[in-house]
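Visitor: Below are the chains, spelled out letter by letter.
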Amino acid sequence: MDVLKIATAGSVDDGKSTLIGRILYDTKSLTTDKLEAIEAKSKANGFDYLDFSLVTDGLVAEREQGITIDVAHIYFSTKSKSYIIADTPGHIEYTRNMVTGASTSQASIILVDARKGVIEQTYRHFFINNLLRVKDVIVAVNKMDLVDFSQEKFEAIKADFEKLIEKSDYAAQNITFIPVSALQGDNVVDKSEHTPWYNGQTLLEHLEELDAQDVYEKSQARFPIQTVIRPKTDDFHDFRGYAGKLYGGDLAVGDEVTVLPSLTTSKVKEIYFFDQKFDKAGRGSSCTITLEDDVNVSRGDMIVKSSEKPKIEKQLTATVCWMDSAALNPGTNYFVQSGSNRILAKVKSISGTIATDFSGEDTSKNALQLNEVGKVQIQLSKPLAFDSYSNNKASGSFILIDSQTNNTSGVGFIV
Amino acid sequence: MEILEKKVEQSDSSEHTSVLQVNPLESEAIYIFREVVAQFEKPVLLFSGGKDSITLVRLAQKAFYPGKIPFPLLHIDTGHNFPETIEFRDRLVEELGVELIVRNVQDAIDQGKVVEEKGKYASRNSLQTTTLLDALEEFKFDAAIGGARRDEEKARAKERIFSVRDDFGQWDEKNQRPELFDHLNGKIDLGQNVRVFPISNWTELDVWSYIEKEGIEIPSIYFAHKRKTFIRDGMIWSAQDEVVYREEDELVEERMVRFRTVGDMSCTAAVLSDAVTIDKVVAEIRASTISERGARIDDKRSEAAMEKRKQQGYF
Numbered sequence: 001m002d003v004l005k006i007a008t009a010g011s012v013d014d015g016k017s018t019l020i021g022r023i024l025y026d027t028k029s030l031t032t033d034k035l036e037a038i039e040a041k042s043k044a045n046g047f048d049y050l051d052f053s054l055v056t057d058g059l060v061a062e063r064e065q066g067i068t069i070d071v072a073h074i075y076f077s078t079k080s081k082s083y084i085i086a087d088t089p090g091h092i093e094y095t096r097n098m099v100t101g102a103s104t105s106q107a108s109i110i111l112v113d114a115r116k117g118v119i120e121q122t123y124r125h126f127f128i129n130n131l132l133r134v135k136d137v138i139v140a141v142n143k144m145d146l147v148d149f150s151q152e153k154f155e156a157i158k159a160d161f162e163k164l165i166e167k168s169d170y171a172a173q174n175i176t177f178i179p180v181s182a183l184q185g186d187n188v189v190d191k192s193e194h195t196p197w198y199n200g201q202t203l204l205e206h207l208e209e210l211d212a213q214d215v216y217e218k219s220q221a222r223f224p225i226q227t228v229i230r231p232k233t234d235d236f237h238d239f240r241g242y243a244g245k246l247y248g249g250d251l252a253v254g255d256e257v258t259v260l261p262s263l264t265t266s267k268v269k270e271i272y273f274f275d276q277k278f279d280k281a282g283r284g285s286s287c288t289i290t291l292e293d294d295v296n297v298s299r300g301d302m303i304v305k306s307s308e309k310p311k312i313e314k315q316l317t318a319t320v321c322w323m324d325s326a327a328l329n330p331g332t333n334y335f336v337q338s339g340s341n342r343i344l345a346k347v348k349s350i351s352g353t354i355a356t357d358f359s360g361e362d363t364s365k366n367a368l369q370l371n372e373v374g375k376v377q378i379q380l381s382k383p384l385a386f387d388s389y390s391n392n393k394a395s396g397s398f399i400l401i402d403s404q405t406n407n408t409s410g411v412g413f414i415v
Numbered sequence: 001m002e003i004l005e006k007k008v009e010q011s012d013s014s015e016h017t018s019v020l021q022v023n024p025l026e027s028e029a030i031y032i033f034r035e036v037v038a039q040f041e042k043p044v045l046l047f048s049g050g051k052d053s054i055t056l057v058r059l060a061q062k063a064f065y066p067g068k069i070p071f072p073l074l075h076i077d078t079g080h081n082f083p084e085t086i087e088f089r090d091r092l093v094e095e096l097g098v099e100l101i102v103r104n105v106q107d108a109i110d111q112g113k114v115v116e117e118k119g120k121y122a123s124r125n126s127l128q129t130t131t132l133l134d135a136l137e138e139f140k141f142d143a144a145i146g147g148a149r150r151d152e153e154k155a156r157a158k159e160r161i162f163s164v165r166d167d168f169g170q171w172d173e174k175n176q177r178p179e180l181f182d183h184l185n186g187k188i189d190l191g192q193n194v195r196v197f198p199i200s201n202w203t204e205l206d207v208w209s210y211i212e213k214e215g216i217e218i219p220s221i222y223f224a225h226k227r228k229t230f231i232r233d234g235m236i237w238s239a240q241d242e243v244v245y246r247e248e249d250e251l252v253e254e255r256m257v258r259f260r261t262v263g264d265m266s267c268t269a270a271v272l273s274d275a276v277t278i279d280k281v282v283a284e285i286r287a288s289t290i291s292e293r294g295a296r297i298d299d300k301r302s303e304a305a306m307e308k309r310k311q312q313g314y315f
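Same order as they appear, the protein sequences are chains A and B. Mind the numbering: the first sequence is residues 1 to 415 in this note's numbering, read in order. Mind the numbering: the second sequence is residues 1 to 315 in this note's numbering, read in order.
Because the hints were derived from the structure by calculation, they are not lab data. Incorrect hints may have been included.
Calculated lysine-lysine pairs in the DSSO-like style (CA-CA distance at most 27 Å, straight line) [stated by the list, open to error]:
hint, chain 1, residue 1, chain 2, residue 2
1, A, 267, A, 81
2, A, 232, B, 68
3, B, 68, A, 34
4, B, 308, A, 348
5, B, 187, A, 314
6, A, 81, B, 280
7, A, 43, B, 308
8, A, 79, B, 213
Covered stretches of chain B (in silico footprint by chain A; criterion: 3 or more residues with CB under 8 Å from a CB of chain A, positions within the stretch not fixed) [what the hints assert, rightly or not]:
hint, stretch
9, 22-29
10, 58-68
11, 152-162
12, 179-186
13, 202-214
By construction, the Cβ of each residue, glycine as well, lies at the ideal position given by its N, Cα and C atoms.
Chain A on its own, in the form it takes in the complex:
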């Protein structure tokens, strides 16, 4: 079954939890025992409605404070698809959580309160969807019931949002506007009677139609090696299988390939998945391949088609989102990890921060604080095979690991 990952961002006030609760409720994904727990808790808290944030806010601290702190994962399915919602908090101090949630999502829902219109937080959500190149963005204009389902209000918000789109450099992004009332269920799963002027799909109808292809768009085949399988059994005495996950494109038996960074060439001999052999592997598959020649391949290396080589360099420039409470400063060492490849690196320079509300760059800054985004130049101790993020999300992104604390301190999108 297809799996579609969706990111949501927002605060309790936006009605985000209500929206997620509504989707679960209307698709009959909430089991009786969970629903009973929500009813009991809502009653105990003195609410006269069902407080669906109890579904999403799984930690004691979140329930106490009535806020979402960390990414929660919520699951539901329809006849055609399985859905995973990565639900993240929406405030500026949780930018890193939003980036985390968006990093594995094909689609994203941005909530706009119909009464408030496009606000700073909307800018930020869209900026992150843009930076991470989330393919499908749904702008759900919520609380339409509180503005009498006014078409005028909806169109005005749409027009405001479209001004933001002009600032985007990701032309292939699909953006859809839907007027909803999460509280009353209008246009979430079922079509609303209150919006005769709206001819589009409901939120779920739209999600059902989205292509649940891998989050990585089709580009060139990248096969980073995770581990080398050498069973040394009687049946597989000389077997040397390179195990990894294939990104970007297909790989077939007979393809001329190059091993990076050594640049050795060979041909794909076999493609294994468990005990079966295949002629071709599609992107997204975790398979094991063997090569015609006895070449030296180890973890961290990458196998690509010889005609489609990425860059192999010891320096790179990336847009970095900083996730650590200790600031990122030039001259410090971190590990750069991209997939199975981890390389010691030095931050050469930081050429300014980028405002997450589209207000531009500040080139006077040469350090990154928690939740800030900026342009960073990195010197690697060994050559890395990489692509630009816009060409390949897997080989175009990396994390920065603090060599002292081992924390995942930042994420980079290669320019």
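Given the structure of chain A, go ahead and fit chain B onto it with the hints provided.
Guide: Leaving out everything else, chain B in the frame of chain A:
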């Protein structure tokens, strides 16, 4: 034996080339298994004999074929297991030729490290934590792979795929490492360990559908069978296993039941069912309006029962 039976299913396209079709959840789990083995010195798979850990074993086989599963299995035995589960466990291990380590909660009780709970809701479920942490330390395991899923419970929904635990096995839920794309960070200090959850993103239905598709054998208690049972608090309990506490006025009747989870017998209730085959089980799960952990009394203790257990080192 069926456990190792490999399903032959070529996906031929019209041009006579076989193309590997991707199951995204399976592919993700295999990726995670390979990262664990590459990034850690001494991983171990926590094996309970339940459907989730059996699924993990199949995924591990796939990840390293034609090599063997490159880590042992560890069973933290509460002493309250369904006999059917233990019989199954031993048979599976023999067929796979992997090492099985068993550590008993009873030993920790005998040594006075933990005190058995008393009363009619007594369970050994939370006592497992001490035995688990002791076993991790005894063998110096730095990564413990478990079959927990995010859809099970709301605190689990916040769990990472690589979940770092401190020297005391504690989960610091407010300070977790961000996980982005497929870049899994398994760097830890000596003394720390990581819990790894390869099927984090699977739902109960995904697991059952996979078991059906792959033809994986599972213990018989997952299928409907006649069992002596009694009813308490609206739930059905096994009356034929002596560790399940029963009061004299709780009437024993034979019912057609099955179990949706196979935890500690004393805290795992049965459900009425006539699903005697895997396809019927899948159909039943699909139509079910009660969550899997709805039959686990250990989660009903308080709203934050799971979060509290996890902070203390529970897997």
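Visitor: What hints, given by number in increasing order, does this structure fail?
Guide: Failing hints, ascending: 1, 3, 4.
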